[in-house]
Amino acid sequence: MNSPTSFRFSSTKSFQLFAQGLQSLQSYERSPSAGNLSEAEGNFGECVRRFPKDVLPRFYYGIVKTLRGYDGLDEAIEQFNFVLQSEADDLVPDAKYNLAIAHLEKYSPHDSEVALDLLRQTRDEVAKRQENKKLKEPRLETVRLQALILETYLYVEETVRFSPSDAVFKDAEGRLDSFWKEYNQSPVLDSVRRDLLADFYNTSGYYWNARAKHAKGDEQHGFAEKARTNYDHALEQKKDWIPAKSNLARLYVELLNEPGIAKRLCQEVLESRPSDYYIRYLLGKIYEAEGAAAQAIGSYKKAGTKIPEANLNLGLLYEKIGALEYAAIALDRVITAEDVRESTRKKAEEALRRVSDARKLEPNDPTTRA
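Take any residue in the sequence shown, note its place counting from 1, add 99, and you have its number in the working numbering.
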């Protein structure tokens, strides 16, 4: 986390609440726990409510709400937008970068586009400020590199995963190599070096994870092992970091066929973020693979409030066990969702057609009667 220029506080009490919140947040970053995060959230939240004009507490309250996960993202976005609309000019690059993270955490195509635009704005903002100063300031250079590696992560998310080709693979590896060179040549804040390294290794792991999904046989296994190694390196830099741990859990589920390890990692994530809907979705996939339909349905339902793919899996599972009415309801939620990947929507539409045809053959289903 960067430490932007200090700002005035309305009172001693405001500063006291802020300092207490910052201490709890730093404890959470050293060793993530729901208790430390709740304490930070309480102190920053009270500071924002009692002293709404103080900008710095709003900035850190946004960070805490982002760490809270899906349930805190709307509040985080509101806080970062407040900072951007204030006169806190020194906070603009940091606020845009953190606003991008909040949108990215929403796990939707539209929010990914918004995040990508904000990251580009962040780098442009830094470039403009550094040009004016005629030097590379460590704090600004750190923000620029943070935005750069997150852009690369989004490139892997949106392009390598869904439009794979040799040219795309070469481009992605070029971006990773370029970042590594810039990281080693740039003056960055020592306090954020581990964060940058964690971001780099997590992105590298995500890249090899994506490569593995498009490979077969020994090549797939080799890529998956590269992904695992990079995720492990990320967690060495940031212990119990949720993004890397979530990605590692998915790798164990989808490519390494070790559901027991994946389940353990998922439970560890839920200990520090009980409302992590993506992990609920992943657990649903594990339970379904194990044949535990009831547990899978429960997990998919919890995740489906935020993740359309969870409703798709829920609908497909209901179809598989013959609960066609429930399948239709879940699939319709995917189709009517405001923001969903087109590939996910098409799968839901195809499944719903099958379900509708099957329901017409069920004479005892009251929903099919004229």
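Mixed in with the good hints there might be a few duds.
[Unchecked claim] Derived DSS-like pairs (lysine-lysine); straight-line CA-CA distance at most 27 Å:
id	residue 1	residue 2
1	K312	K269
2	K362	K280
3	K205	K459
4	K419	K446
5	K312	K325
6	K315	K269
7	K315	K362
Rather than coming from a laboratory, the hints here were simulated on the basis of the structure.
Could you grab the alpha-carbon distance between K312 and K269 and see if it respects the 27 Å cut-off? Cα-Cα ~16 Å, so holds.
Holds or violated: K419 to K446, with C-alpha atoms at most 27 Å apart: Holds, because 15 Å separates the two Cα atoms, which is no more than 27 Å.
Within a Cα-Cα threshold of 27 Å, do K315 and K362 meet the stated pairing? Given that 27 Å is the threshold and the Cα spacing comes to 25 Å, the pair holds.
Is the Cα-Cα distance between K315 and K269 27 Å or less? holds, 19 Å
Given the hint that K362 pairs with K280, test it: the Cα-Cα distance must not exceed 27 Å. violated, 36 Å
Pair hint K312 and K325, alpha-carbon separation not exceeding 27 Å: It holds: about 13 Å lies between the C-alpha atoms, which stays within 27 Å.
Taken at face value, is the distance from the CA of K459 to the CA of K205 at most 27 Å? violated, 37 Å
Of the hints listed earlier, those the structure fails to meet are numbers 2, 3, in rising order.
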